[in-house]
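S.K.: Sequence order for the protein chains is A and B.
Counting the first sequence from 1 gives a position; the working numbering is that position plus 4.
Counting the second sequence from 1 gives a position; the working numbering is that position plus 4.
Think of the hints as simulated: they come from the structure by calculation, not from any bench.
Predicted model, so just to flag it, every value in this text is computed and none were measured.
Some hints could be false.
For chains that are exact copies, the list does not tell them apart, and a pair is met inside one copy or across any two.
Simulated crosslink set (EDC-like; lysine to aspartate or glutamate; CA at most 20 Å straight-line) [as the list claims (entries may be wrong)]:
(1) K233 / D195
(2) K182 / E165
(3) K182 / D12
(4) K233 / E148
(5) K35 / E148
(6) K117 / E93
(7) K70 / E101
(8) K233 / D12
Number of protein chains: 2
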Amino acid sequence: MGRSSPVDLEAAIGVFDSGVGGLTVLNALRKALPNENLVYLGDTARVPYGTKSAVSVMRYAEQAVKALHARRIKAIVIACNTASAMALEHLQNCYPELPVLGVIEPGALAACKATRRKHIGVIATESTTNNQAYQKAILGIMPEARIQAQACSLFVALAEEGWHHGELVEQIVAKCLKPLMRGSESEGALDTLVLGCTHFPALSGAIAKVVGSQVILVDSAATTASAVKARLVSEKLLNPQQAPGQLSFLVTDGPERFARVANNFFNEQIDAAGVELVDIQHHTATLK
Amino acid sequence: MGRSSPVDLEAAIGVFDSGVGGLTVLNALRKALPNENLVYLGDTARVPYGTKSAVSVMRYAEQAVKALHARRIKAIVIACNTASAMALEHLQNCYPELPVLGVIEPGALAACKATRRKHIGVIATESTTNNQAYQKAILGIMPEARIQAQACSLFVALAEEGWHHGELVEQIVAKCLKPLMRGSESEGALDTLVLGCTHFPALSGAIAKVVGSQVILVDSAATTASAVKARLVSEKLLNPQQAPGQLSFLVTDGPERFARVANNFFNEQIDAAGVELVDIQHHTATLK
């Protein structure tokens, strides 16, 4: 493994997202790894990432992971599809001594396991869609898969504003997914749809109504948590302590807003007073 | 005026916004001041500002204006309601030798001129609404005014995605404005509504349908341009050149996306190749 010093097994897993969306992954990590300490960093000062360029996302992600690395950390989870699509390899190169896992590969794997007719849809932010990370990851596992991708940037705002259910939300979702469903008609029906943004599970009820019950919805949260657990087991990094893991939260802006919006995504109550404000923008990134 | 050197009258007016919304103000400036050179800076690397904290917005605005100030600039227009609400005074203190104008005072003035029964609604981003800048500015002009404010953060995403018209947009607008309209019923009807975010004029047709034709919609664009013109006249800063003014565009991220989305807001075609990418995040701000 090439580590220069013994690993601190009680150290936390650092979980990074552009804002609150990664809390859907944090839920799954809590469930899969209840004894692990978790420290979550939301880069709320620069959210959203999904409409920003690759260079900006790589730089922001590097600064965020640098801030997490300065804490007691034994592994990093990039709980943001856009950052995983654009910055995972770069971050793995920056921290070769740490497991650094993203959400795209686990999401692609879940889709390939779920699909019956190998016709997979992917909805994501504009940046993730343009980057084609899901398409590449799915084709890497299942070269014969047919894939249709659709950017749905509006879903991020809907999810953050708490617009998750109801007829109007379904109409908005239907309008956004129209090109995807039209393609599905002409090229044969999709059977699986990847929710390729951590915000989107909040809208899964509305999305399911629009695409129909025959389409299996897949998100990365549970499979990412499984992948993290498998990696900790294989690298003998599990926390030997049997007590419930500690949770801590860092944000780069607005702890009160974070705590309020977080309740749309996270299963446990977050108290704004316990959310620490950190400044990461001064961290030098290798990318200018 | 206390300027240490003669003013360069052919210098540009620097226009700053968090992203593309300020282009609605740029349209009005082009119309009111056709011979002035204008340089527009959109902080697309950190857009939106409307859900961010006062300290972050002040810091971002200071960095942006510093970047504009490094060019040939004779005046600054803060063409963003959130930045005007939170950072105008700070920026005026940073650059006492330059006219630095925001959009809130002109918007408040326009509302006070338009209102018949002194019952004014304000819709804006979450940050502008919480900051109460419009409320204070309106009450400063018209102390007896009754004001109702409502945050409509979702409108920013709608405007940027090009969702401006149609039945579905009207339904979304109606849902967002429901608390405002309900208050309007119980406290007597609003007669004037301030579009307190530079993105919102893109949705004005839908907003007008929802609030009804008896409500006058007011935005800051035209009144801000008039205020800028009056200030240039009074300070003898008008460009003596009679040729059409030059336009230039700076962004902190994604020139291609900027040029594409800009077409939803700006009356002239913007070519991505002519949009300059600048890095302002390294600029030291006085606020940490």
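S.K.: Look at each hint and say if it fits the structure.
M.R.: Results of checking the hints against the structure:
Taking the shortest alpha-carbon separations for K233 and D195, neither the intra-copy value of 28 Å nor the inter-copy value of 59 Å comes in at or below 20 Å. Taking the shortest alpha-carbon separations for K182 and E165, only the inter-copy value of 15 Å comes in at or below 20 Å, while the best intra-copy value is 22 Å. For a Cα distance limit of 20 Å, the shortest separation of K182 from D12 qualifies neither inside one copy, at 50 Å, nor across copies, at 53 Å. Proximity of K233 to E148 under the C-alpha cut-off of 20 Å is found in neither arrangement, the shortest distances being 29 Å within a copy and 63 Å between copies.
Taking the closest pair of Cα atoms, K35 and E148 never come within 20 Å of each other, the shortest separation being 34 Å inside a single copy and 56 Å across copies. In this assembly of identical chains, the alpha carbons of K117 and E93 never lie at most 20 Å apart, being 24 Å within a copy and 57 Å across copies at closest. Taking CA atoms no more than 20 Å apart as the test, K70 paired with E101 passes inside one copy only; the shortest distance there is 14 Å, against 40 Å between copies. In this homomeric assembly, K233 and D12 come within 20 Å of each other (Cα to Cα) only inside a single copy, at 17 Å, whereas the closest approach across copies is 64 Å.
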